[in-house]
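4 protein chains.
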Amino acid sequence: MNTVGHLINGALVADAARVQNVYNPATGEATKQVALASAETVQAAIAAAQAAFPAWRDTPPIKRARVMFRFKQLLEENADKICALITDEHGKVLNDAMGELQRGIENVEYACCAPELLKGEHSKNVGPAIDSWSEFQALGVTAGITPFNFPCMVPLWMWPMAVVCGNTFVLKPSERDPSSTLFIAQLAQEAGLPPGVLNVVNGDKVAVDTLLSDPRVQAISFVGSTPIAEYIYATGCANGKRVQALGGAKNHAIVMPDADLDNAVSALMGAAYGSCGERCMAIPVVVAVGDETGDAVVARLKAELAKMKVGPGTDNGNDMGPLVTREHFNKVKGYVDLGADEGASLVVDGRGIKVPGHEAGYFLGGCLFDHVTPQMKIYRDEIFGPVLSVVRVESLQAAMDLIDAHEYGNGTCIFTRDGEAARYFTDNIKVGMVGVNVPLPVPVAYHSFGGWKRSLFGDLSAYGPDAVRFYTRRKTITQRWPSAGVREGAVFTFPSNR
Amino acid sequence: MNTVGHLINGALVADAARVQNVYNPATGEATKQVALASAETVQAAIAAAQAAFPAWRDTPPIKRARVMFRFKQLLEENADKICALITDEHGKVLNDAMGELQRGIENVEYACCAPELLKGEHSKNVGPAIDSWSEFQALGVTAGITPFNFPCMVPLWMWPMAVVCGNTFVLKPSERDPSSTLFIAQLAQEAGLPPGVLNVVNGDKVAVDTLLSDPRVQAISFVGSTPIAEYIYATGCANGKRVQALGGAKNHAIVMPDADLDNAVSALMGAAYGSCGERCMAIPVVVAVGDETGDAVVARLKAELAKMKVGPGTDNGNDMGPLVTREHFNKVKGYVDLGADEGASLVVDGRGIKVPGHEAGYFLGGCLFDHVTPQMKIYRDEIFGPVLSVVRVESLQAAMDLIDAHEYGNGTCIFTRDGEAARYFTDNIKVGMVGVNVPLPVPVAYHSFGGWKRSLFGDLSAYGPDAVRFYTRRKTITQRWPSAGVREGAVFTFPSNR
Amino acid sequence: MNTVGHLINGALVADAARVQNVYNPATGEATKQVALASAETVQAAIAAAQAAFPAWRDTPPIKRARVMFRFKQLLEENADKICALITDEHGKVLNDAMGELQRGIENVEYACCAPELLKGEHSKNVGPAIDSWSEFQALGVTAGITPFNFPCMVPLWMWPMAVVCGNTFVLKPSERDPSSTLFIAQLAQEAGLPPGVLNVVNGDKVAVDTLLSDPRVQAISFVGSTPIAEYIYATGCANGKRVQALGGAKNHAIVMPDADLDNAVSALMGAAYGSCGERCMAIPVVVAVGDETGDAVVARLKAELAKMKVGPGTDNGNDMGPLVTREHFNKVKGYVDLGADEGASLVVDGRGIKVPGHEAGYFLGGCLFDHVTPQMKIYRDEIFGPVLSVVRVESLQAAMDLIDAHEYGNGTCIFTRDGEAARYFTDNIKVGMVGVNVPLPVPVAYHSFGGWKRSLFGDLSAYGPDAVRFYTRRKTITQRWPSAGVREGAVFTFPSNR
Amino acid sequence: MNTVGHLINGALVADAARVQNVYNPATGEATKQVALASAETVQAAIAAAQAAFPAWRDTPPIKRARVMFRFKQLLEENADKICALITDEHGKVLNDAMGELQRGIENVEYACCAPELLKGEHSKNVGPAIDSWSEFQALGVTAGITPFNFPCMVPLWMWPMAVVCGNTFVLKPSERDPSSTLFIAQLAQEAGLPPGVLNVVNGDKVAVDTLLSDPRVQAISFVGSTPIAEYIYATGCANGKRVQALGGAKNHAIVMPDADLDNAVSALMGAAYGSCGERCMAIPVVVAVGDETGDAVVARLKAELAKMKVGPGTDNGNDMGPLVTREHFNKVKGYVDLGADEGASLVVDGRGIKVPGHEAGYFLGGCLFDHVTPQMKIYRDEIFGPVLSVVRVESLQAAMDLIDAHEYGNGTCIFTRDGEAARYFTDNIKVGMVGVNVPLPVPVAYHSFGGWKRSLFGDLSAYGPDAVRFYTRRKTITQRWPSAGVREGAVFTFPSNR
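If you read the sequences in order, they're chains A, B, C and D.
When we follow the UniProt record's numbering, the leftmost residue of the first sequence carries the number 1, and every step to the right adds one.
When we follow the UniProt record's numbering, the leftmost residue of the second sequence carries the number 1, and every step to the right adds one.
When we follow the UniProt record's numbering, the leftmost residue of the third sequence carries the number 1, and every step to the right adds one.
When we follow the UniProt record's numbering, the leftmost residue of the fourth sequence carries the number 1, and every step to the right adds one.
If you're looking for bench data, these hints aren't it; they were derived computationally from the structure.
None of the values given here were measured: they were computed from a predicted structure.
Any given hint could be a false lead.
[Claimed, not checked] 25 Å max Cα-Cα, derived SDA-like pairs, lysine to any residue:
| no. | chain 1 | residue 1 | chain 2 | residue 2 |
| --- | --- | --- | --- | --- |
| 1 | C | Lys63 | B | Arg103 |
| 2 | B | Lys331 | B | Pro227 |
| 3 | A | Lys205 | A | Phe148 |
| 4 | D | Lys205 | D | Glu190 |
| 5 | A | Lys453 | B | Lys430 |
| 6 | A | Lys63 | B | Lys430 |
Model the full structure from these sequences, guided by the hints.
Encoded structure:
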């Protein structure tokens with residue numbers, strides 16, 4: 001079995017004293033191993049990043065951006081290979097992996113605008129003949145810790161922006177599906193990123209804690225669950241670093257009585273079950289305003305679920321692949337068991353699904369609960385599986401109160417035709433990313449990604465304009481020049497006998 | 001004796017169960033008492049801010065800005081009274097207080113631009129007929145904790161920007177000189193700030209810890225010493241808040257051989273001894289490049305110090321007033337004693353100064369050390385007094401290495417005529433605010449204030465553009481509208497028999 | 001009779017060789033005379049502006065802005081006097097004059113943000129150790145030519161932004177109602193504007209042509225009718241100047257079948273008849289989608305018109321005052337005569353109105369035409385009077401085709417509840433300022449004002465961010481410093497024998 | 001002989017009723033012919049652009065940008081072919097052509113940022129529950145007219161930005177060297193630009209006048225000589241279009257006594273003689289401050305000229321190729337004859353140069369005049385050839401007065417080490433693009449290019465941020481929604497018997 005190692009200072013490094021299996025979730029087989037970095041290995045990566053920093057921060061932004069132009073091209077040329085690696089280790093359908101990659105490429109495209117994005121503000125005459133301007137200078141060594149569900153996209157949210165801003169980077173991706181992440185980092189090298197500018201260390205808590213405690217690391221970006229996000233934020237900040245830590249979600253979709261139900265249900269199917277619901281922007285809760293709406297939505301979802309195809313992600317004919325690991329499968333299945341116990345109506349039960357030839361895969365069919373209430377654990381917890389709950393309320397305000405009372409505030413959306421409903425909702429809802437007839441309102445790469453409440457710790461969001469500010473330090477220069485000479489013409493005037 | 005109380009929900013509140021003396025540092029007399037808020041009082045202020053939030057965040061930004069327009073006018077009309085309060089409790093010379101106030105007013109002027117500053121980014125067609133835009137929404141209750149040395153200016157760095165962004169605010173100013181801060185808050189009420197939008201609580205660690213732990217407080221701005229800044233940052237972040245914490249400084253001025261020495265020395269006198277050196281942007285260290293430069297600078301400083309007038313701040317003929325408290329006087333004097341012990345040359349000794357009629361005041365004359373070395377404690381520590389150290393080095397690079405090796409990175413400056421020296425210095429020095437022939441490079445109000453290294457914890461600087469981002473939460477909306485009807489003309493077309 | 005003169009270099013100047021009467025339109029009496037400047041007088045104003053330029057462009061932007069802070073205060077303190085002058089010469093109701101003044105003050109508030117607005121873009125390392133930045137420098141002498149309908153607001157669209165950008169200005173206001181404009185300019189002097197920075201010349205085509213041809217005038221802003229706008233644009237550009245020339249309008253309001261009719265009709269009444277329709281953003285055309293909508297709108301408008309009060313503007317109980325001049329009254333009345341001839345249904349005829357005690361005033365009652373068609377002259381021409389035409393169409397697309405076929409493209413609006421209708425309309429309509437349930441979508445002062453098609457000639461709109469770009473010239477500096485010395489340590493290192 | 005035709009609606013079109021020879025300036029041979037479009041052909045191109053507009057303006061900006069990403073790649077892959085075409089028809093040395101291409105590619109890179117650049121400003125609550133935002137919408141058909149000296153770069157200044165902003169484009173390049181321009185347009189098609197979005201018509205005044213008069217053309221960008229720029233600006237504006245017209249130049253370099261002369265002279269050689277001085281940013285005038293400086297500069301320039309290699313551009317060992325045409329050669333040579341007559345000292349005479357094997361080529365050696373005065377015609381006129389004039393003055397102020405008195409204000413630079421000299425010069429000089437120790441301060445692609453005085457007609461500069469504003473029309477939307485229903489819960493609440 002191959003072992004997935006680290007990329008440090010431009011070279012692949014084994015450090016395989018400790019390893020862990022990597023599984024194909026469609027078959028349940030261990031297909032590779034991944035090295036788990038020791039503290040020393042992580043420190044070596046940090047040292048490589050530190051050493052690469054001075055030359056890289058002095059490289060003109062346009063030249064840093066040109067590495068991204070070439071990198072985009074390499075990502076497009078290697079798209080099939082990248083997606084195959086994702087599907088092999090994560091399980092999602094190839095088409096879905098391609099969507100993930102495309103979103104990642106969009107962040108690389110944005111990074112190509114570095115010279116524009118790094119412009120500082122210049123003020124003439126802040127006082128008489130005194131000028132002042134701001135520069136946004138690189139921080140030094142920055143780090144990212146990323147989750148299993150988007151092994152390609154989430155790292156690409158972070159390090160392309162970090163490095164075009166002049167920083168160097170140490171990435172610790174998820175150890176469950178490490179191969180595409182590492183391969184992409186190698187493509188960046190091939191595109192011209194100097195050794196040490198981007199380093200990848202695979203690992204577990206040892207690696208994380210080394211990044212959190214090493215004083216050379218200036219900033220940490222994290223995406224994962226809320227308890228870990230809180231730990232990262234508190235620990236990183238206590239160590240004096242800047243930290244942005246994105247956590248969990250429980251995104252609600254409101255369906256209003258005037259919604260276009262065909263559009264809405266079609267959108268909800270993808271948002272709830274795409275990638276098995278293993279997305280921080282997935283929609284696991286539908287809030288139907290009015291019982292008529294609720295009945296109609298549930299009926300249509302049930303009909304759609306009957307048509308949904310579940311099977312290995314390598315077959316693009318499937319709508320949904322397996323869950324990522326055996327443990328996660330058991331956890332999600334446990335929530336379905338619980339929901340029934342809690343009194344929700346299990347309208348569609350995906351627990352018994354069989355995928356011929358893939359009996360050991362971690363497949364769970366789409367599940368649909370109706371009459372879910374806010375007191376139930378299946379409502380409160382982030383399940384991260386193909387389980388959709390329908391809650392029924394009497395008014396838009398009641399739907400919004402429900403959302404605002406939940407601990408998470410990542411994404412949400414409303415289905416309506418009414419301008420006022422949309423404006424009132426988007427203005428007042430305490431959620432960071434809001435869709436109007438858009439089920440997964442993931443901001444495009446030239447905006448920024450961030451939830452509210454316990455979905456994000458820190459003040460700056462991920463990628464987009466906020467990433468520029470996160471990955472740079474403001475320096476303000478105030479300048480005047482003593483005027484002896486020039487205006488008087490004394491110093492610079494030559495002696496003349498005319 | 002009067003007791004300075006709190007401003008909560010638009011009303012003055014006593015809560016004088018615990019009090020502390022406020023002294024006139026020019027006479028050593030206790031002239032007032034200040035109430036020290038209990039946790040309950042602070043919670044009442046937070047509750048008032050929480051209650052005032054919904055209406056205030058819905059108030060159009062231009063109307064919030066207009067309160068600032070009126071407030072600016074009231075500050076100007078009440079300038080003499082404000083400055084008298086500052087001098088009475090802090091000790092600085094009236095003219096210097098006026099300078100502080102003017103800087104504070106500049107922040108109010110910037111807050112008047114709220115409608116411009118709060119503009120979000122709008123993107124048409126992020127996909128086919130899909131639009132997306134960002135809003136920068138208010139956070140809710142925000143808080144500020146401010147130091148004794150600028151009782152007027154530092155609070156005005158914080159709350160005007162916080163409130164024009166739609167937040168409400170709880171301010172805990174220094175308990176050593178609380179009166180001008182409170183009076184200014186009352187002027188803001190008079191200018192039209194609704195009750196509860198700005199609250200002031202005087203107090204000590206009890207108040208600070210209540211602000212740090214109350215879950216209703218969304219964000220904390222702090223200015224003070226580095227140990228407290230670290231505590232605030234670690235504790236506030238562990239409680240899930242966004243925090244910006246500005247700490248200590250030890251700002252170096254480099255004097256190059258080609259500098260205009262008359263200008264430089266004149267500038268250094270003000271920067272080193274103005275306000276007794278009790279400024280986070282003061283210059284307590286001069287780095288002379290070359291012994292000739294060093295000799296010339298020391299000789300001129302010595303001559304200038306002989307002319308410097310020390311006395312009560314109420315007399316604008318004085319250059320320097322007393323230190324803020326007896327304890328601080330003793331601490332600063334102790335450093336002068338130590339410097340001599342450590343082997344520095346005490347060129348000018350201000351310890352024996354007498355101010356007739358003010359024998360009990362906390363007056364210390366200007367002190368000048370030459371041949372200070374980086375190993376000395378008087379070099380490493382922030383003394384915050386009228387003590388200037390001259391260090392001598394051989395080159396610009398050596399001077400820069402010295403600065404970069406110091407734990408603080410707040411401000412610095414260079415005196416030179418050479419474009420290349422200035423560019424190399426400003427580009428590479430690891431300090432946040434950099435002057436070229438400008439001794440106190442405090443950014444103007446439309447830029448932002450922030451040091452590097454252990455002078456600032458957090459990613460966003462104080463006031464200016466960064467304050468807008470710090471005091472707002474990004475919300476990104478992605479919107480499409482189902483197209484049934486309009487384009488087809490079915491729904492909106494009336495039945496017609498033509 | 002008083003003669004309204006000029007303001008040149010800070011002093012009132014008579015130059016009354018040629019004069020013209022100024023009338024009170026509510027009484028028909030000539031109450032003042034206005035001087036008509038000779039070419040020499042205009043040249044004197046230009047010369048004063050030219051002389052004042054160097055010192056003013058070197059004045060720090062924050063100091064220029066502070067003149068605007070004081071000016072805003074003076075405008076507020078003198079509001080009643082200003083409005084009385086407007087009503088006395090223009091005729092509009094005092095409350096309406098107050099609305100005009102308030103809009104003007106908002107432009108002054110925006111001008112207070114000059115230091116923020118004038119920030120240039122700064123790029124470090126456009127090449128190795130090469131920096132580049134943009135400055136937005138003042139042009140020099142700029143000029144404005146403004147119409148009778150907003151004697152206070154339109155000048156305030158122009159010169160406050162021009163002067164805070166560092167320019168000096170020559171204003172030629174309308175000779176029909178010159179007094180408020182001149183008085184406001186005097187307040188600006190009182191606020192601290194140095195002599196010569198703002199000059200006012202009253203006059204006619206002689207003055208206009210002098211401004212157009214004098215090579216010292218760098219830029220011209222114009223608001224008026226389209227034929228004159230075209231003349232100004234062509235002539236000014238042929239003379240090498242930058243020009244923005246805002247012309248006529250014929251703004252359509254679409255009423256959709258799903259509109260909230262009470263709101264819509266209430267909004268339309270003000271938009272059609274406010275200030276006698278003498279506004280470039282007035283709504284003289286309603287496009288009703290569907291006959292049911294048309295019938296309902298006409299019925300409600302008719303009922304509202306029966307309640308509308310017409311009388312002298314000095315009485316705030318009136319809804320509408322007189323037209324501005326006898327000539328204009330005759331012209332508007334002629335259009336009403338013509339409309340009937342062209343076959344439109346004159347639902348409400350305001351021609352016979354009597355205002356007791358003001359029989360010689362230029363009063364015309366509100367007129368309402370139904371079944372107007374695009375072929376009619378009352379549809380095609382800008383009438384600029386209290387005449388509202390209703391056109392009926394079958395679909396939103398037909399309504400939009402109508403608007404797009406008209407030569408003007410200043411403003412428009414739609415009344416609907418439907419998000420898609422609003423989005424499709426605002427995206428595709430060929431009009432510069434678009435309202436959704438907002439009848440007069442005049443952009444706020446921190447956005448910019450500009451029509452499309454033959455309503456605006458030039459590329460930059462009036463006031464707001466575009467005004468900054470219009471009133472400044474870009475200068476881009478690219479800078480590197482020869483590195484001999486500093487890095488090598490040769491030049492700056494002192495000779496040493498250690 | 002091949003005939004270079006037009007590119008209309010994605011297809012090559014001959015229209016060779018009128019043709020003109022294209023010469024190889026290194027040999028003097030006619031190698032091709034170029035078609036000169038009739039008015040009908042130009043109208044066909046405009047019609048194609050008009051037809052392509054609706055679909056293209058609705059294409060999401062990111063998709064338009066992606067065409068530019070692919071186009072950049074194709075330009076890089078075809079660089080050698082492009083440069084060969086440039087050298088074959090223009091004469092410049094291949095390396096110099098590569099420099100031109102690289103500058104062009106940088107504009108394409110900037111165009112890749114379209115989604116970022118097109119963001120509008122969004123304001124919440126401009127009034128209670130009223131929002132307003134700006135969109136920057138495409139104009140429609142835009143046009144460009146470009147000069148012979150940069151057949152690749154100047155067109156790439158224009159149309160990539162125009163088309164990513166959503167416009168379609170008609171380009172009329174120089175008829176003297178049309179091939180590279182046309183080939184590049186074909187590469188854009190290959191990159192995915194839909195037919196009709198970019199059209200190229202070769203031609204002469206017939207084509208220009210058709211573009212100027214056709215009402216479908218919304219905007220015109222021009223680069224060429226000042227008399228033609230004035231004609232384009234006056235005529236285009238009189239026809240109601242927006243126009244930016246860049247004209248001639250006479251760029252001065254100031255050499256201060258403290259300049260690093262080795263650097264300065266090396267920089268001046270390239271700036272004066274590179275591309276035979278046929279650049280609008282070339283330096284044809286050196287202003288030496290002081291006779292010592294003047295003597296030293298002239299001596300070094302003379303020595304460098306002795307080493308300069310002149311010959312065919314196909315040999316990268318040459319420093320300078322031939323002039324572009326026989327006519328231009330004669331004109332430039334005539335200026336050298338005149339200079340001697342006018343009394344300037346001809347230090348180096350390049351008139352007699354022989355290039356073996358290329359006797360019929362248009363080669364002129366580098367010429368150097370000393371003691372040139374402002375009264376001489378060789379000083380006043382734009383020669384556009386390898387002729388450098390040295391003027392001597394006594395002070396920086398005198399040098400600046402000279403520059404400010406010249407009719408052109410395109411570029412200028414200063415060589416100095418002194419911060420104050422640089423700041424005083426860059427602040428006050430009346431020139432749009434200013435270098436400090438940078439001889440050709442052409443702004444990078446993410447800034448904008450524009451001269452002052454008679455070097456630019458219009459208010460917006462070429463390429464960079466200004467191009468976004470030039471190629472878009474501002475639309476401002478103000479929106480409120482009637483609130484019936486949602487907040488009250490009436491409309492959206494379902495009937496319930498609970």
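Hints versus structure:
no.	hint	result
1	C:Lys63 to B:Arg103	holds (13 Å)
2	B:Lys331 to B:Pro227	holds (17 Å)
3	A:Lys205 to A:Phe148	holds (15 Å)
4	D:Lys205 to D:Glu190	violated (30 Å)
5	A:Lys453 to B:Lys430	violated (34 Å)
6	A:Lys63 to B:Lys430	holds (23 Å)
When the structure is compared with the earlier hints, violations turn up for hints 4 and 5 and for no others.
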